[in-house]
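Work the whole structure out from these sequences, hints included.
From first to last, the protein sequence lines are chains A and B. Per the numbering used here, residue 1 is the first one in the first sequence, and the count goes up by one each step. Per the numbering used here, residue 1 is the first one in the second sequence, and the count goes up by one each step.
Just so you know, the hints here were simulated from the structure itself, not pulled from any lab data. Certain hints may be false.
[As the list claims (entries may be wrong)] In silico SDA-like links for lysine to any residue, alpha-carbon gap of 20 Å or less:
{"no.": "1", "chain 1": "A", "residue 1": "Lys219", "chain 2": "A", "residue 2": "His179"}
{"no.": "2", "chain 1": "A", "residue 1": "Lys271", "chain 2": "A", "residue 2": "Ile110"}
{"no.": "3", "chain 1": "A", "residue 1": "Lys171", "chain 2": "A", "residue 2": "Ala142"}
{"no.": "4", "chain 1": "B", "residue 1": "Lys390", "chain 2": "A", "residue 2": "Thr101"}
{"no.": "5", "chain 1": "A", "residue 1": "Lys219", "chain 2": "A", "residue 2": "Tyr254"}
{"no.": "6", "chain 1": "A", "residue 1": "Lys104", "chain 2": "B", "residue 2": "Ile14"}
{"no.": "7", "chain 1": "A", "residue 1": "Lys104", "chain 2": "A", "residue 2": "Glu93"}
{"no.": "8", "chain 1": "A", "residue 1": "Lys73", "chain 2": "B", "residue 2": "Leu203"}
{"no.": "9", "chain 1": "B", "residue 1": "Lys390", "chain 2": "A", "residue 2": "Lys144"}
{"no.": "10", "chain 1": "A", "residue 1": "Lys180", "chain 2": "B", "residue 2": "Leu203"}
{"no.": "11", "chain 1": "A", "residue 1": "Lys144", "chain 2": "A", "residue 2": "Asp54"}
{"no.": "12", "chain 1": "B", "residue 1": "Lys365", "chain 2": "A", "residue 2": "Glu93"}
{"no.": "13", "chain 1": "B", "residue 1": "Lys390", "chain 2": "A", "residue 2": "Asp198"}
{"no.": "14", "chain 1": "B", "residue 1": "Lys141", "chain 2": "B", "residue 2": "Ser154"}
{"no.": "15", "chain 1": "A", "residue 1": "Lys144", "chain 2": "A", "residue 2": "Lys104"}
{"no.": "16", "chain 1": "B", "residue 1": "Lys195", "chain 2": "A", "residue 2": "Ile110"}
Here's the letter readout for the chains.
2 protein chains.
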Amino acid sequence: MNVEIITIGHEILIGQIVDTNSAWMAVELNKAGFEIAQITSVHDNSEHIIEALDMALTRADIVLFTGGIGPTKDDITKQTLCKYFDTKLVFNEEVHNNIETLLKNRQRAINELTATQAMVPENCIVIQNPIGTAPITWFEKAEKVIVSMPGVPSEMKNAMSTEIINRLQKKFNTPAIVHKTVLVKGYPESALAIKIADWENALPDTVHLAYLPNYQIVKLRLSGSSTDELALEFEINRQISQLTQLLGEAIIAYEDLPLEVLIGKVLNEKKMTIATAESCTGGNIAHKITEISGSSQYFKGSVVAYDNEVKTQVLRVNPNTISTEGAVSAHVVEEMAVGARKLMRTDLAIATSGIAGPTGGTDEKPVGLVWIGISTPEITASRMFQFGTKRIENIERSTQSAFLFLLEILS
Amino acid sequence: MNVEIITIGHEILIGQIVDTNSAWMAVELNKAGFEIAQITSVHDNSEHIIEALDMALTRADIVLFTGGIGPTKDDITKQTLCKYFDTKLVFNEEVHNNIETLLKNRQRAINELTATQAMVPENCIVIQNPIGTAPITWFEKAEKVIVSMPGVPSEMKNAMSTEIINRLQKKFNTPAIVHKTVLVKGYPESALAIKIADWENALPDTVHLAYLPNYQIVKLRLSGSSTDELALEFEINRQISQLTQLLGEAIIAYEDLPLEVLIGKVLNEKKMTIATAESCTGGNIAHKITEISGSSQYFKGSVVAYDNEVKTQVLRVNPNTISTEGAVSAHVVEEMAVGARKLMRTDLAIATSGIAGPTGGTDEKPVGLVWIGISTPEITASRMFQFGTKRIENIERSTQSAFLFLLEILS
Numbered sequence: 001m002n003v004e005i006i007t008i009g010h011e012i013l014i015g016q017i018v019d020t021n022s023a024w025m026a027v028e029l030n031k032a033g034f035e036i037a038q039i040t041s042v043h044d045n046s047e048h049i050i051e052a053l054d055m056a057l058t059r060a061d062i063v064l065f066t067g068g069i070g071p072t073k074d075d076i077t078k079q080t081l082c083k084y085f086d087t088k089l090v091f092n093e094e095v096h097n098n099i100e101t102l103l104k105n106r107q108r109a110i111n112e113l114t115a116t117q118a119m120v121p122e123n124c125i126v127i128q129n130p131i132g133t134a135p136i137t138w139f140e141k142a143e144k145v146i147v148s149m150p151g152v153p154s155e156m157k158n159a160m161s162t163e164i165i166n167r168l169q170k171k172f173n174t175p176a177i178v179h180k181t182v183l184v185k186g187y188p189e190s191a192l193a194i195k196i197a198d199w200e201n202a203l204p205d206t207v208h209l210a211y212l213p214n215y216q217i218v219k220l221r222l223s224g225s226s227t228d229e230l231a232l233e234f235e236i237n238r239q240i241s242q243l244t245q246l247l248g249e250a251i252i253a254y255e256d257l258p259l260e261v262l263i264g265k266v267l268n269e270k271k272m273t274i275a276t277a278e279s280c281t282g283g284n285i286a287h288k289i290t291e292i293s294g295s296s297q298y299f300k301g302s303v304v305a306y307d308n309e310v311k312t313q314v315l316r317v318n319p320n321t322i323s324t325e326g327a328v329s330a331h332v333v334e335e336m337a338v339g340a341r342k343l344m345r346t347d348l349a350i351a352t353s354g355i356a357g358p359t360g361g362t363d364e365k366p367v368g369l370v371w372i373g374i375s376t377p378e379i380t381a382s383r384m385f386q387f388g389t390k391r392i393e394n395i396e397r398s399t400q401s402a403f404l405f406l407l408e409i410l411s
Numbered sequence: 001m002n003v004e005i006i007t008i009g010h011e012i013l014i015g016q017i018v019d020t021n022s023a024w025m026a027v028e029l030n031k032a033g034f035e036i037a038q039i040t041s042v043h044d045n046s047e048h049i050i051e052a053l054d055m056a057l058t059r060a061d062i063v064l065f066t067g068g069i070g071p072t073k074d075d076i077t078k079q080t081l082c083k084y085f086d087t088k089l090v091f092n093e094e095v096h097n098n099i100e101t102l103l104k105n106r107q108r109a110i111n112e113l114t115a116t117q118a119m120v121p122e123n124c125i126v127i128q129n130p131i132g133t134a135p136i137t138w139f140e141k142a143e144k145v146i147v148s149m150p151g152v153p154s155e156m157k158n159a160m161s162t163e164i165i166n167r168l169q170k171k172f173n174t175p176a177i178v179h180k181t182v183l184v185k186g187y188p189e190s191a192l193a194i195k196i197a198d199w200e201n202a203l204p205d206t207v208h209l210a211y212l213p214n215y216q217i218v219k220l221r222l223s224g225s226s227t228d229e230l231a232l233e234f235e236i237n238r239q240i241s242q243l244t245q246l247l248g249e250a251i252i253a254y255e256d257l258p259l260e261v262l263i264g265k266v267l268n269e270k271k272m273t274i275a276t277a278e279s280c281t282g283g284n285i286a287h288k289i290t291e292i293s294g295s296s297q298y299f300k301g302s303v304v305a306y307d308n309e310v311k312t313q314v315l316r317v318n319p320n321t322i323s324t325e326g327a328v329s330a331h332v333v334e335e336m337a338v339g340a341r342k343l344m345r346t347d348l349a350i351a352t353s354g355i356a357g358p359t360g361g362t363d364e365k366p367v368g369l370v371w372i373g374i375s376t377p378e379i380t381a382s383r384m385f386q387f388g389t390k391r392i393e394n395i396e397r398s399t400q401s402a403f404l405f406l407l408e409i410l411s
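In structure tokens:
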């Protein structure tokens, strides 16, 4: 079943924002048994939008619009769809009530502009947007479906996950799709492909394998579509158990969850608490942990010790260790971890120190060198990593490596 | 002068990679006086590529292809362009030499697959690719230009920066483009639109206005294109000074920079240092600050005090304040800020405490309630915010609000 995505907005075409919505939508639609034939980005220009829609409908059964439905006058998707369907805007009370409730929660009143969001094309099915003022509108035309959604990623994702995909599956009676994802550590993508080549070549035609590298891990996604969902699920599980024999402990999870969620689960099970002491990661480990609802059960706090004085004064790192071995060293991250664990009275602590770059490297300690330390009541351990020259990537890779190190210690 | 970008590759349409190339190209092309009319992503499918090219040429004078020119058999852009121009592939010795040199540097020899990269359409102008094996091919058709480039970002960027843009400017003798962005705080998008409606309606046709809401701020972008760059720049500056009279202190910057970069600039100028004490933001403020290279000049560290014990033991918040007023209160964030400033010996500290959600709210203190405190040697201040029910958005909004509060105190 072919889908096309049309993203509307000047800001994409001048490069002010990168269109990350389409990739997210493609992944979710693929999982649900739909294929994307084309992604088109156009300006808020009525004629051009209609031309793109006409072309898309020659190739696809479903056209999904994102963007161009804000209350300001540069947004014209709604008016354009009215023109396309030769209909008019009508007041929708339910949308108006939703806008009022939303704004009330933000201590704001409805004004003449936000009120226009309650005007919708007369021929559409309105889908409420519980987290934004622009409603989602669904149109049908000769067995084809056209949906207009907000461009704000959180609102688009909410609409897709809770409403659009379900409705599309129902409308088009798509076959069942089964996906299972296995997270593998310790292999670059190409080395993993060689390691599992025989198994991969023997996969039945009904099962498709995708490699999805993500920093320090590779996600292997097995998927298939079939009218016999149970048989397909059985086959995919059988393949995964063969893969387990092949890869052993390199498999760290059988579900597609971020590492910080997996860690949270283990910590909850073991009733353990954790703290972090961060230099080069600058609070990103704590940030990732605390993005998870319920993390206050196991996370007590963090000291971001960017300055050496904070390492010595707050985390009680010995100043001699810093002066003799440097702030980016095994002993410093170990002392940071021990210090954080004692200061915040937790079972575990993890510490990072490295040269995130792009400047600050030396011949001996180049940009991308990172030490990660862990302290528990039983052990203190540390490990060295050498990443690249890009600052933001180094911060992210250090964070992911810290999580992997922690998972290893926890298991 | 209209340009269209066509990106070719299965991996974009299944969402495995996000197309960041197009945004980069759009920014560079805009700066050089070209406007992007449409961005189209299609599969490696000959008919579909030709259809997209035909359509693009109805709207644009220039069509830039990226991707689909690797040596493997799924890549068919080159063959498709041969079919389109009714020409054939011919051997190009210069490309062959370039491939040999490149592979030699990587300690590899040319093989039958890489050798095919030296076959190019007979009617094209070949532009050498010094950092990859696929050459860039340039076609002209009835005063229009079609260019095919690699999809590898570094190779595409090198080709664009060193060759393509220069050649296009020369060929099309393009007008200048001027963009200016103003950051406005304190107004939701719709309220801002009402506030500046008269000014907006009086804008000359040569100046285009776009609203780009981004958490607690709205970016207003004025842009235009003209052969008389100075006159256009003068006009846009004149419009911005009128806007300044209208909005006054609500304008926090006249360039499009993240708040953490603006703060870094001010702190560097004033030679001041900062620390953070974070509860509900969980380290995100520190993370954002430390993503900026050079932040170690002004950022000393952070205490993420998720647990109340960390608030009292590390930040020295009075336990009585917590028990009488609750952890989410004016006095607690103020004491946290003072504690962080003293602990890390900085000029400033900023503190957050709130209910990020989705659980943990009460009638009196609902999810989304956040207090932010600031401490300097002269003053201690705090402010209350009420956000929504989404955890990750609440963290991001609290972070942006903390930055805005800080900018206010700094100015």
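How the hints compare with the structure:
no. : hint                : result
1   : A/Lys219 / A/His179 : 12 Å, holds
2   : A/Lys271 / A/Ile110 : 47 Å, violated
3   : A/Lys171 / A/Ala142 : 13 Å, holds
4   : B/Lys390 / A/Thr101 : 15 Å, holds
5   : A/Lys219 / A/Tyr254 : 10 Å, holds
6   : A/Lys104 / B/Ile14  : 39 Å, violated
7   : A/Lys104 / A/Glu93  : 16 Å, holds
8   : A/Lys73 / B/Leu203  : 14 Å, holds
9   : B/Lys390 / A/Lys144 : 34 Å, violated
10  : A/Lys180 / B/Leu203 : 55 Å, violated
11  : A/Lys144 / A/Asp54  : 12 Å, holds
12  : B/Lys365 / A/Glu93  : 30 Å, violated
13  : B/Lys390 / A/Asp198 : 45 Å, violated
14  : B/Lys141 / B/Ser154 : 28 Å, violated
15  : A/Lys144 / A/Lys104 : 37 Å, violated
16  : B/Lys195 / A/Ile110 : 15 Å, holds
Consistency note: the structure conflicts with the earlier hints numbered 2, 6, 9, 10, 12, 13, 14 and 15.
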